[in-house]
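Join the two chains into one complex using the hints; note that each chain is given alone, in its own frame.
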Amino acid sequence: AQSVTQPDIHITVSEGASLELRCNYSYGATPYLFWYVQSPGQGLQLLLKYFSGDTLVQGIKGFEAEFKRSQSSFNLRKPSVHWSDAAEYFCAVGVNTGFQKLVFGTGTRLLVSP
Amino acid sequence: DAMVIQNPRYQVTQFGKPVTLSCSQTLNHNVMYWYQQKSSQAPKLLFHYYDKDFNNEADTPDNFQSRRPNTSFCFLDIRSPGLGDAAMYLCATQDGSVNQRKHFGDGTRLSIL
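Chains as they are written, first to last, in this note's numbering: chain V, 1 to 114; chain Y, 1001 to 1113.
Treat the hints as calculated values from the structure; they're not laboratory data.
Any given hint could turn out to be false.
[To be verified] Derived DMTMM-like pairs: lysine to aspartate or glutamate, alpha-carbon spacing no greater than 25 Å straight-line:
no., chain 1, residue 1, chain 2, residue 2
1, V, Lys101, V, Asp54
2, V, Lys101, V, Asp8
3, Y, Lys1017, Y, Asp1106
4, V, Lys61, Y, Asp1095
5, Y, Lys1038, V, Asp85
6, Y, Lys1044, V, Asp85
7, Y, Lys1044, V, Glu88
8, V, Lys101, Y, Asp1085
9, Y, Lys1017, Y, Glu1057
10, V, Lys68, V, Glu88
11, V, Lys101, Y, Asp1095
12, V, Lys49, Y, Asp1095
13, V, Lys101, Y, Glu1057
14, V, Lys49, Y, Asp1106
15, V, Lys61, V, Glu88
16, Y, Lys1038, Y, Asp1106
17, Y, Lys1017, Y, Asp1059
18, Y, Lys1017, Y, Asp1077
19, V, Lys49, V, Glu64
20, Y, Lys1044, Y, Asp1106
21, V, Lys101, Y, Asp1077
22, V, Lys49, V, Asp8
23, V, Lys101, Y, Asp1053
24, V, Lys101, Y, Asp1051
25, V, Lys61, Y, Asp1106
Remember, it's a predicted structure, so these values are computed and weren't measured experimentally.
Okay, chain Y solo, but in the shape it has when bound (with noise of 0.2 Å):
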């Protein structure tokens, strides 16, 4: 069964149209992180979530905000997405401790019209 839900797969939006990426847990994990990854490359840490402490990379653009209303969702906006935002989202979870693996959702696939 799928502990880490990200939805839609495929998301669709337009050039400066705003787009949320949902991601839920079913595994009570207290942290939480929104990777993106364009075509070919690693990817790269935007944010994170301990609890509700919100972290955020030092080159993670100001149009990319996050949300975190309780344990088990996490939300990804784009508020003015542009073409260089397309991009596959993936979002992961890992409990507490250091040590423990993370938990990685099959991601959403963004394209900008």
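So that you can see chain V by itself, here it is in the shape it has in the complex (with noise of 0.2 Å):
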């Protein structure tokens, strides 16, 4: 069964500094994989996504992550962190049944101290 795995439950980076959330997937087919962010009471958000190509993606708000086959990973990178970053990021892989369900990891909270 598909599954995502985020293993680090909380995170706090210094703010300038650079961040990195680690996500590994099961799943048997080529992955849909998928970065979300949420504030606090709010809903989620889009960073980035992958379907295929280039294992490096662009996303919003200066994001990125890389898709890496050979370790089941989609690790998301930022190379400054601001303190407005400060959220619950979450991690999906997309099951392609028809209409993508999703299945999302358990969530990293980002904390930024000045």
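Rendered as structure tokens:
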């Protein structure tokens, strides 16, 4: 069965420092992979997605992610974190059952220190 | 401008008292989803509509129902809410093409007294 693992529940990063959030997936076919961000009390906003092609994908707000098939990973990165990046980040795999069901990881809460 | 609107943002109901959450969209998308997100957990798909076709997830409790009277609106009905149903409920829409992005609303936070 498909699943997504985000091993870090919380991460604290200093403002201006680089960020990497880890995501590992389990899926038998070619995955559709997503990163979403959720600010407190709000819905999910898509940061970026990978369907095929270039394994390094660029997203909004300066985020990027790299798909590594050999490691079943899709880690999210940002070179310089801003205080406004503090939020919950969810990795998800799209299961193409005709409408693309999303299976989410349990999320990583990013805290940004001054 | 908000494209997926959920009302209300916060809903309080009593144990066992039916409650309805609503979602509307201005995108004219033919797919609408309802997700349940409990505190500190990942969103979990409850069901979705593809046009008028309703698709229930296998593990969605019978207590949860949905209606979609037209393209723009979708409702989540909880017939007899229990304490375990307290959660954020997220509505999302998607164009019918599999590769199109989903648009999420800001959610309704449901509390059970």
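Pair hint outcome, V:Lys101 versus V:Asp8 [Cα-Cα no greater than 25 Å]:
Since the Cα atoms of V:Lys101 and V:Asp8 sit roughly 24 Å apart, the hinted pair holds (cutoff 25 Å).
Hinted pair V:Lys49 and Y:Asp1106, Cα distance within 25 Å:
Holds, at about 20 Å.
Just to be careful, I want the Cα atoms of Y:Lys1044 and Y:Asp1106 compared with a cutoff of 25 Å; is the pair within it?
Within the cut-off at roughly 15 Å; holds.
Taking 25 Å as the top limit, are the C-alpha atoms of V:Lys61 and Y:Asp1106 close enough?
Holds - the C-alpha atoms of Y:Asp1106 and V:Lys61 are around 19 Å apart, at most 25 Å.
Under the criterion that the straight-line Cα-Cα distance not exceed 25 Å, is the pair Y:Lys1017, Y:Asp1077 satisfied?
At roughly 11 Å apart (the allowed maximum being 25 Å), Y:Asp1077 and Y:Lys1017 satisfy the hint.
Would you check the hint for V:Lys101 and Y:Glu1057, treating anything up to 25 Å between C-alpha atoms as holding?
Cα-Cα ~10 Å, so holds.
Please work out if Y:Lys1038 and Y:Asp1106 have their alpha carbons no farther apart than 25 Å.
Within the cut-off at roughly 15 Å; holds.
Restraint check for Y:Lys1038 with V:Asp85, where alpha carbons must lie at most 25 Å apart
holds (22 Å)
Going straight from one Cα to the other, do V:Lys61 and V:Glu88 come out at no more than 25 Å?
holds (15 Å)
Proposed proximity, Y:Asp1095 with V:Lys49 (alpha carbon, max 25 Å):
Between V:Lys49 and Y:Asp1095 the Cα gap is close to 16 Å, so the pair holds against 25 Å.
V:Lys101 paired with Y:Asp1085 [C-alpha distance capped at 25 Å]:
holds (22 Å)
Checking one constraint from the list: CA of V:Lys101 to CA of Y:Asp1053, max 25 Å. Satisfied?
Holds, at roughly 15 Å.
No hint from the list above goes unmet by this structure.
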